[in-house]
Structure formats: C-alpha cells, structure tokens
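Novice: Residue strings, one per chain:
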Amino acid sequence: MLLHTLNRPPTSQVLAQALAGMGSDDKLLLIEDGVIGALPAHRVHFDRVAGRLYALQEDLESRGLLSLCDEAVRVVDVEGFISMTETCERTVSWY
Amino acid sequence: MQDATSPAELMVILRHAPHGSSWLKEGLDVALVAAAFDRRVTLLFMGEGITALLEGQQAGPLGQKGTAPTLAMLEMYDIDNLLVEQRGMDELGLTSDQLMLPVTGVDDAEISRLVASHALVLNF
Amino acid sequence: MRYAILLLDAPYTSQASHSALRFTRALLARGHDVEGVFFYHDGVHNAARLAAPPQDEPHLVDGWAELAREHAVPLQVCIAAALRRGLLDEQEAARHGKQGASVAPPFELTGLGQLVDLGLRCDRLITFGP
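Sequences listed follow chains W, D and A, in order.
Heads up, the first sequence is in this note's numbering, so the first residue is 1 and it goes up one at a time.
Heads up, the second sequence is in this note's numbering, so the first residue is 1 and it goes up one at a time.
Heads up, the third sequence is in this note's numbering, so the first residue is 1 and it goes up one at a time.
If you are wondering where the hints come from, they were derived from the structure by calculation, not from laboratory data.
Fair warning: this is a prediction, and the values are worked out from it, not measured in the lab.
Some hints could be false.
[What the hints assert, rightly or not] If you want the footprint, here are the derived chain A segments under chain W, 3+ residues with CB under 8 Å:
#: 1; stretch: 15-24
#: 2; stretch: 89-96
#: 3; stretch: 117-128
[Claimed, not checked] SDA-like, lysine to any residue: derived pairs with alpha carbons at most 25 Å apart:
#: 4; chain 1: D; residue 1: K65; chain 2: A; residue 2: Y12
#: 5; chain 1: D; residue 1: K25; chain 2: D; residue 2: L62
#: 6; chain 1: D; residue 1: K25; chain 2: D; residue 2: G66
#: 7; chain 1: D; residue 1: K65; chain 2: A; residue 2: G86
#: 8; chain 1: D; residue 1: K25; chain 2: W; residue 2: D47
#: 9; chain 1: D; residue 1: K25; chain 2: A; residue 2: Y12
#: 10; chain 1: D; residue 1: K25; chain 2: A; residue 2: L83
#: 11; chain 1: D; residue 1: K25; chain 2: A; residue 2: E108
#: 12; chain 1: D; residue 1: K25; chain 2: A; residue 2: G111
#: 13; chain 1: D; residue 1: K25; chain 2: A; residue 2: Q114
#: 14; chain 1: D; residue 1: K65; chain 2: A; residue 2: I79
#: 15; chain 1: D; residue 1: K65; chain 2: A; residue 2: E92
#: 16; chain 1: A; residue 1: K98; chain 2: D; residue 2: L62
#: 17; chain 1: D; residue 1: K25; chain 2: D; residue 2: L94
#: 18; chain 1: D; residue 1: K65; chain 2: D; residue 2: L54
#: 19; chain 1: D; residue 1: K65; chain 2: D; residue 2: S22
#: 20; chain 1: D; residue 1: K65; chain 2: A; residue 2: G113
#: 21; chain 1: D; residue 1: K25; chain 2: D; residue 2: E75
#: 22; chain 1: A; residue 1: K98; chain 2: D; residue 2: Q64
#: 23; chain 1: D; residue 1: K25; chain 2: W; residue 2: T91
#: 24; chain 1: D; residue 1: K25; chain 2: W; residue 2: A16
#: 25; chain 1: D; residue 1: K25; chain 2: D; residue 2: K65
#: 26; chain 1: D; residue 1: K25; chain 2: W; residue 2: Q13
#: 27; chain 1: D; residue 1: K25; chain 2: A; residue 2: S14
#: 28; chain 1: D; residue 1: K25; chain 2: D; residue 2: D97
#: 29; chain 1: D; residue 1: K65; chain 2: A; residue 2: G111
#: 30; chain 1: D; residue 1: K65; chain 2: D; residue 2: E55
#: 31; chain 1: D; residue 1: K25; chain 2: A; residue 2: P130
#: 32; chain 1: D; residue 1: K25; chain 2: A; residue 2: T13
#: 33; chain 1: D; residue 1: K65; chain 2: A; residue 2: R85
[Stated by the list, open to error] Sample of chain W residues at the chain A side, in silico, Cβ under 10 Å:
#: 34; residue: I31
#: 35; residue: E32
#: 36; residue: D59
#: 37; residue: E61
#: 38; residue: C69
#: 39; residue: D70
#: 40; residue: E71
We put the beta carbon where it would ideally sit given N, CA and C, even for glycine.
Chain W on its own, in the form it takes in the complex (with noise of 0.2 Å):
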C-alpha cells in the first residue's frame, strides 16, 4: 500500500497521472492547492479512490475550505500525514 500526495486542483491533468499511479488499495492525500479537490462537487473526479481519498486539515484551514469538505474526504492533519508515510510502504509525490 502506497501514499500519494498531490498539490493540483482537480482542473489539472496531473489528476488523471496520479490516478494512473494508484494502486487499488493505495491512498490519496490532497494537499496545497489539491484540497479544492475536497469540495463535494469535485467527488466525481475521485470515483476510483473513494473511501481511500484525504485531505490535509491545514491546508482546508488556510483557504477557509475546512467547513465546505465533503464528508466522504477524511481530513487528517500534519501528524496524520506523517502517520500515513509511516504506515504506507512509500510515498510518491504527484505535482
């Protein structure tokens, strides 16, 4: 089981290369500007990764979007983060 993080918005082609990456049981965490991701409208996007989609809590918070996240995203913050780089064999970064 892999971690993969990406920092681009759901609008980006990067979306369809991390998914490509993706291992059926990998997870994905959305960071930086990858957690408008998180907006219900965008659930769509994540079909492949449902249940195994993240989103990192400081970076909702900075963007005022914490509030607005889809329930079916967990959010974990900078120690969960850490938490699934260490439960997670490796970690590719897609950006």
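With chain W fixed as given, assemble chains D and A onto it according to the hints.
Specialist: Chains D and A only, in chain W's frame:
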C-alpha cells in the same frame, strides 16, 4: 554492475516537454546519475513528456541543447527500460514509429504496478 | 524511521517550501530521523544566503538553517542546479571568479548522487514539488 534480471530500483517519471522548462533535463539527470552509480533505472514518459522522444528535435534559439542528445546516449548508461504512457500517446496522436527510441507502451494498470514495484519513484 | 525530504520549488514562489518545512519540523517533533533535505530544480533557491523577506513573513532560509543547527539535519543542494541559478558557496565563487558567495553553511553543495543515495537508503523519501 547488478544482475540484469534484478528488479529496477529507481523509476523516473518524465511528464514535461523538452525546451519549455528544465523539468525534463533535470529529471533525466537524476536517471543518468543513478545509472552511473550502477542503479537499475526505469524511465516512464508520461503526458507531454512523451514529446521528448520525437524525431527531428533541434537546439533552441539561443543554442539550448535540449534533451534529445542525452536521450540518444541512454543505451551507454544501460538505461534500456523505456516506457511510454499509452493513453498519453493516444492523446497526442502519436505512434511509436515516430519516436527516436524503441519504447514499450503501458496502460494505467501497468503504470500502477510499476510504481509499486520500484524502491524509489521520482516524478519530474 | 529514517526520512529524507526532496524539495523542488523556490521559496515564496509556491507553497512547496512552506509545506516541506512544516512537514520536516513535524517529523522531528515526532522523533523521526531526517537524514537529509535535498534541494533540486528551483528548490535550490531555498539556500539563497541573501534572501530578505519582509519581517512579517516566515523566513524560510533561516527556518532550514535552524533545523540543521538544532537537529543536525544535512541540507544538501544539488551543485549543478545551484551553479546555473547563481547559487555558489565560497569555494565555487572562487573557482568561477565571482565576488561573494550566495550559499553558506549549513547548506552544502553536493552531487545528484546524494539524492539517489538518500532515496534508496532512507525508509521514506517525501517530495514537495510546485
């Protein structure tokens, strides 16, 4: 030199076109240095990075070397596992006979398998 | 666990440097070893000795230097990427006949081989890009 059948250690994913930015060049440099240290390297050209393999590239207007001369030397570094994202090829409307090096097309399932099977994956 | 960080964008250009510094600080606070922060591509600008951000903004260059001092984290800057971008330590400035160095310890100029070594030696490598 490692056994040629041992799994590759490093996968470098090249996602940017030549000339427009230094991502492609600096990504390739990592692959070359790793190979020079006897690490087995896989190169995956993804999206616009595939255009790095087009025939007929030239130097830039101020003599920027581009990356085609480096790609032509990959064999000397024993980097022969050259993969291209099949979806990217289709989106660009390219076929492998338009490319300067022999490559293997890979789909999403293969890409995720490759990402999982390398000890280190670096995106450029 | 043994971690390495790869930072690929300039400070004050994207969030990457802030994210990387925040993550690295949190790693150390959690008791992990950070065996190196490698600066590559535009990330080498994090080593700019003369960076002078406004006082009400975080000083990223100083932030890295503080981690190096307090936690002995090696700050490794790709020499080829740095020289092209005008980032030279004293030795390289002398070699190239330039007045003044733009990179100073604890940042050290080093080869790309160090990145490959870090990535394969450490348990985890986390990349922050633009």
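Novice: Hint by hint, which ones does this structure get wrong, listed from lowest number up?
Specialist: 2, 4, 8, 37, 38, 39, 40
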